[in-house]
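Those protein sequences? They're chains A and B, same order as listed. For the first sequence, counting from 1, position 156 maps to 156 in full-length UniProt numbering; every step adds exactly one. For the second sequence, counting from 1, position 84 maps to 84 in full-length UniProt numbering; every step adds exactly one.
These are computed hints drawn from the structure, not numbers from a lab. Note that this is a predicted model, so its numbers are computed, not measured. We treat Cβ as the ideally placed atom computed from N, Cα and C, and that holds for glycine. Watch out, some of these pointers could steer you wrong.
Just so you have them, the derived chain A footprint on chain B, three or more residues with Cβ under 8 angstroms [stated by the list, open to error]:
#1 56-63
#2 66-79
#3 96-105
#4 119-129
#5 136-146
#6 246-255
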Amino acid sequence: MTTLTPTPGGAAVRRPAPPATTGRSGTPRQGGTILAVPALVWYAVFMIGPVIAIFVIAALHWPGMLQPVSFAGLGNVRTVLDDPVFWDAVRNTAVQLAVALPIMIVCAYMLGYYVAQKPPGHRVIRYLLFIPGLISTPAKAMVFYAALSPDGLANGALQSVGLGSLTDAWLASPSTALACLIALDVWSGIGFTAVLFAARLDSVPDDLGEAAQLDGAGHWRTMWRIHFPVIRDYAGVVTMLQFLWTLFGSAQHVLLLTQGGPGSSSTTLSFLVYQKAFIAADLGYSQTVGVILFLAGLVGLLTIRRAFRQNY
Amino acid sequence: MKLGKRWLPAHLLVWTYAGLLIVPLYYFLASAFKSNEEIFAHPFALPSSFGFGNFRTAYDSADLGTAVVNSALVTVLALALTLLLALPAAFALARSTSRLASAMEKIFSLGFLIPTFAALFPTFLLAAATGLFHTRLFMVFFLPATAMPLSVVILVQFMRTIPREMEEAARMDGASTYTVLRHIYIPMCLPGIATVLLLNFLTFWNEYLYSLIIIGPDPEQRTVQVALPTLKAITGTDYGVLTAGTVLTLVPVWIVYTVLQKRMQQALINGAVKA
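Generate coordinates for the entire structure from the input sequences, incorporating the hints supplied.
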């Protein structure tokens with residue numbers, strides 16, 4: 001039996017007790033496992049194969065689609081590590097994760113807790129929180145483009161309240177481009193994550209909170225000291241998800257909004273993979289960064305898992 | 001639990017955030033009916049007229065009609081293929097207790113840890129090698145593979161809730177494996193199938209980066225998500241047209257969400273948490 005992640009009690013299907021492996025094994029089950037083969041093959045061809053290929057291409061010297069390919073060994077790694085742009089991307093990605101993740105998870109948890117207490121209007125809130133989860137990446141990017149371009153919503157709002165001096169070309173200024181991308185992540189991430197938290201908190205028995213309140217705990221205390229430990233491992237899962245989405249998904253936002261610029265001020269690691277492959281056509285370089293990204297993802301997942309482990 | 005006065009700051013913060021979600025969307029919807037001048041002069045005012053001029057311009061200049069058809073085609077075919085592959089697989093894995101089956105299940109579960117994006121370039125090579133580069137067909141083949149781990153795991157969980165006696169009784173009556181799947185398992189896990197369909201509908205319809213690279217810019221083939229950003233370049237900074245185009249691409253998702261709101265939330269929650 002493998003359950004990768006805990007199921008949210010009220011939300012998901014309840015798993016029955018695992019079927020006894022010994023008790024019924026006498027009954028032969030015709031047409032068994034072979035039915036799973038097509039799905040597995042499909043999955044292997046389109047997903048596992050390409051992932052393995054990343055590692056192979058990373059070891060090749062391949063300066064363009066139609067260029068001759070030669071074996072580079074660890075040569076690409078050296079090139080990548082010597083490239084200041086790569087280090088800019090590392091820094092930007094680190095900043096992005098360090099800023100976006102904590103804000104997103106903490107705010108989303110509090111928001112989810114709020115919604116789960118069923119205050120007046122919580123249905124409306126729930127409906128609204130979900131909106132970012134529905135909007136496609138290009139549409140989200142268009143929203144931000146319209147809001148942040150020089151004659152867009154943000155500058156218009158600033159001007160109309162008499163703060164015209166604060167206006168900026170947000171997406172085109174080296175000091176704010178990365179911040180805009182982070183804002184986009186946080187803006188769309190909080191709502192969706194909050195809905196996930198709320199769904200999980202709905203299945204925490206009410207008397208738990210009530211008991212704590214009778215003992216004189218305030219809401220703040222109940223929220224962090226009573227409820228949070230109960231759903232701690234779930235918070236870990238949600239954090240892992242957001243971590244992966246931010247780490248790998250940022251390429252799309254960067255591509256749509258800033259193209260990594262100005263200079264390399266908003267180039268993230270995942271955008272670098274894209275940019276080296278499809279714009280600069282330096283394929284070995286691109287996939288080497290891909291491997292690094294992959295390993296970063298793995299290390300991150302393990303770290304988050306450890307950090308959120310239940311400590312009874 | 002009683003919510004006292006001390007919750008006032010919480011109420012304020014939450015509704016502020018809700019405002020941050022809704023204001024840009026309102027701005028979008030309102031701007032879709034305005035000209036640039038109107039947008040700059042009165043960004044938050046209601047549009048003075050509800051003409052569909054911007055929508056028509058967006059529709060024509062970015063070939064959004066063809067793009068919507070393409071997106072619908074890719075989404076529907078990929079959804080069908082996903083079910084065709086995932087249903088028998090989940091059926092087999094849910095019933096089998098063999099070690100091989102549990103190994104297979106593990107492989108599918110591990111798929112959650114593979115971020116699709118990482119393999120963009122090799123997938124592009126695969127498309128080129130199969131001669132399906134710059135076609136919608138490759139996306140129809142490719143998308144189900146990305147959906148396989150989640151779909152199989154969700155369906156297996158649903159199918160495990162079906163009592164074994166049901167199958168045994170049917171077997172007594174001489175039902176074949178196919179009949180068991182078709183007449184017992186599929187009808188009984190319709191909620192699971194709905195979850196998988198909704199979840200994948202959303203990801204398939206909203207898929208951007210792979211569509212951009214694999215299908216490419218050809219207006220005959222590209223999907224809405226690829227066509228949409230081109231509006232920015234085509235129209236320069238005509239926000240009216242830009243926002244109108246974006247609103248158009250949101251409509252299908254919006255319809256589905258409004259009709260199936262509860263179900264959709266449930267599906268996404270199930271999906272995201274198992275992912």
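Evaluated hints:
1. 56-63: violated (count 0)
2. 66-79: The restraint on the segment 66-79 of chain B is violated, since only 0 of its residues have a Cβ under 8 angstroms from chain A and three are required.
3. 96-105: holds (count 8)
4. 119-129: Holds, because 8 residues of the segment 119-129 of chain B bring their Cβ atoms closer than 8 angstroms to Cβ atoms of chain A.
5. 136-146: It holds: at least three residues are needed, and the segment 136-146 of chain B offers 5 whose Cβ sits within less than 8 angstroms of chain A.
6. 246-255: holds (count 5)
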